[in-house]
Amino acid sequence: RDVSSDRAVHGSIRVMPPCLAMGEAAGLAAAMAAAAPDGNVHEVNTDDLRQRLRGYGAWLP
Numbered sequence: 038r039d040v041s042s043d044r045a046v047h048g049s050i051r052v053m054p055p056c057l058a059m060g061e062a063a064g065l066a067a068a069m070a071a072a073a074p075d076g077n078v079h080e081v082n083t084d085d086l087r088q089r090l091r092g093y094g095a096w097l098p
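If you're matching positions, the sequence shown starts at 38 in the numbering used here and goes up one per residue.
Be careful, since some hints might not be right.
Restraint-style ranges between C-beta atoms, simulated for each label pair [claimed, not checked]:
{"#": "1", "residue 1": "Leu97", "residue 2": "Ala72", "range": "30 to 38 Å"}
{"#": "2", "residue 1": "Ala70", "residue 2": "Arg44", "range": "40 to 48 Å"}
{"#": "3", "residue 1": "Met53", "residue 2": "Arg87", "range": "15 to 23 Å"}
{"#": "4", "residue 1": "Val78", "residue 2": "Ser41", "range": "38 to 46 Å"}
It should be emphasised that the hints constitute simulated quantities derived from the structure, not laboratory data. In this text, a Cβ means the ideal position worked out from N, Cα and C, and glycines have one as well.
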């Protein structure tokens, strides 16, 4: 999407997509942990997390 901004805020605009992606991943990981019996976010299966993110249309390298 095209955007018009002044030079002072251009850097801030460029970092918004990665912040959105990290927030989506963190939110999904928290939801997966909350649904688990022990509720421990450290026990979330990261392969399952990546698969679900891709299923929602996220781009992962």
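Inset, instruction - Return the numbers of the hints above that this structure violates; sort them in rising order. - result: Hint 1 is the one this structure does not satisfy, whereas the remaining hints hold.
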